[in-house]
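Q: Listed below are the residues making up each chain.
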Amino acid sequence: MRILLIDDSKTMRNIQKSVLKQLGYNELEEACDGQDALNKIGSFKPELCLVDWNMPVMDGLTFVKTFRETDKSTPLIMVTTEAEKSRVIEAIKAGVNNYVVKPFTPDLLSERITETLSKCGANS
Amino acid sequence: MDASFITPFMTSIQNVFSTMFQLPVEIGEPRIKTDSKTSHDVSGIIGVSGEMVGTIVLSMPIDAAESIVALFTGMEMLADSDDFADAVGELINMISGNAKAEFQRKSVSISCPSVVIGAGHRVASSSNIPCVLIPCNTDCGEVVLEVALRNATETASTSTSTAA
Numbered sequence: 015m016r017i018l019l020i021d022d023s024k025t026m027r028n029i030q031k032s033v034l035k036q037l038g039y040n041e042l043e044e045a046c047d048g049q050d051a052l053n054k055i056g057s058f059k060p061e062l063c064l065v066d067w068n069m070p071v072m073d074g075l076t077f078v079k080t081f082r083e084t085d086k087s088t089p090l091i092m093v094t095t096e097a098e099k100s101r102v103i104e105a106i107k108a109g110v111n112n113y114v115v116k117p118f119t120p121d122l123l124s125e126r127i128t129e130t131l132s133k134c135g136a137n138s
Numbered sequence: 028m029d030a031s032f033i034t035p036f037m038t039s040i041q042n043v044f045s046t047m048f049q050l051p052v053e054i055g056e057p058r059i060k061t062d063s064k065t066s067h068d069v070s071g072i073i074g075v076s077g078e079m080v081g082t083i084v085l086s087m088p089i090d091a092a093e094s095i096v097a098l099f100t101g102m103e104m105l106a107d108s109d110d111f112a113d114a115v116g117e118l119i120n121m122i123s124g125n126a127k128a129e130f131q132r133k134s135v136s137i138s139c140p141s142v143v144i145g146a147g148h149r150v151a152s153s154s155n156i157p158c159v160l161i162p163c164n165t166d167c168g169e170v171v172l173e174v175a176l177r178n179a180t181e182t183a184s185t186s187t188s189t190a191a
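Chains as they are written, first to last, in the working numbering: chain A, 15 to 138; chain B, 28 to 191.
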């Protein structure tokens, strides 16, 4: 399964990569902001995206809205420090399938990924 | 400063450090900052805007910061590497974001983090915002959270600048 990690922090992308590799996912691509992600989607064709909210150039919410204009089905998980209920609702309305608040444990991230793929009917 | 502005940061740093790398944090007695110098040589900085304005700084001695970053990333790295700054920035981002969630009734945004490393640097913010130092004792050494926040409607203009 191809998974795109979108976060401006390399540290956070490395932590996510470590969790995903433990889950057996090795086809991973990284993007440092929403625009970088949009540039890579055409060639990488992700089957799941983990998206941060606060990023320079293009934030995660704008990415989600833009992505959903043409792709209604690829699962998106927002992984962010934005923990307010209003933000979660805003992200879900924009089209994310699940939400993980930083800080998170590896177990929690694993659970949310498995849950999301299961709900969206994606093959792992 | 309203005490309700401070307590979310105490619980937040404990939550972030324990969740991400199982490092317990013992909170010391908060006190008002009386000079402009940062407490230590490594500063992770976040700006706050919206209905609250100000600056949050995670200030760490280099040795403690290198130990904490090693726990966080699982890799030893020196303070002059780009990855070290990235990790410190992500720490203050999580601490600030987590604390911000406690201000549910206010519309507040946080900036992308900046990191300054160097002896004797200062982080200057508006002089009309009192800054509270929160000492945090860990097995890696003492780090300090510097919280300078006020309601945006409380008067006067706000400016924030960083000087190394």
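Calculated directly from the structure, the hints in this document are not laboratory data. Note that the coordinates shown come from a computational prediction; the quantities given were computed from them, not determined experimentally. Keep in mind that a hint or two might mislead.
[To be verified] Pairwise CB distance ranges (calculated): (1) Lys79/A with Cys139/B: 12 to 22 angstroms; (2) Arg58/B with Lys54/A: 20 to 30 angstroms; (3) Ser124/A with Ile33/B: 26 to 36 angstroms; (4) Pro51/B with Val71/A: 35 to 45 angstroms; (5) Thr119/A with Ala146/B: 31 to 41 angstroms; (6) Arg58/B with Glu129/A: 42 to 52 angstroms.
[To be verified] The calculated BS3-like cross-link candidates involving lysine-lysine, where the alpha carbons are at most 27 angstroms apart (straight line), are: (7) Lys24/A with Lys79/A; (8) Lys107/A with Lys133/B; (9) Lys133/B with Lys79/A.
For each residue, glycine too, the CB sits at the ideal point set by N, CA and C.
Q: Look at the Cβ atoms of Arg58/B and Lys54/A and judge whether their distance stays inside 20 to 30 angstroms.
A: With a Cβ separation near 48 angstroms, Arg58/B and Lys54/A fall outside 20 to 30 angstroms, so the hint is violated.
Q: Do the beta carbons of Thr119/A and Ala146/B sit within 31 to 41 angstroms of each other?
A: Check passed, 36 angstroms falls within 31 to 41 angstroms.
Q: Mind checking the hinted window 35 to 45 angstroms against the Cβ distance between Pro51/B and Val71/A?
A: 37 angstroms, holds
Q: Lys107/A and Lys133/B were given as a pair; does the straight-line alpha-carbon distance stay at or below 27 angstroms?
A: 21 angstroms, holds
Q: A range of 42 to 52 angstroms was offered for this pair. Does it hold for the Cβ distance of Arg58/B and Glu129/A?
A: With a Cβ separation near 44 angstroms, Arg58/B and Glu129/A satisfy 42 to 52 angstroms, so the hint holds.
Q: Should the hint that Lys79/A and Cys139/B are 12 to 22 angstroms apart at their CB atoms be regarded as holding?
A: For Lys79/A and Cys139/B the Cβ distance comes to about 20 angstroms; the hint holds.
Q: Does Lys79/A lie within 27 angstroms of Lys24/A when you go C-alpha to C-alpha?
A: 24 angstroms, holds
Q: Ser124/A and Ile33/B, beta-carbon distance inside 26 to 36 angstroms?
A: 34 angstroms, holds
Q: Taking 27 angstroms as the top limit, are the C-alpha atoms of Lys133/B and Lys79/A close enough?
A: 24 angstroms, holds
This entry does not satisfy hint 2, going by the numbered hints stated previously; all others are met.
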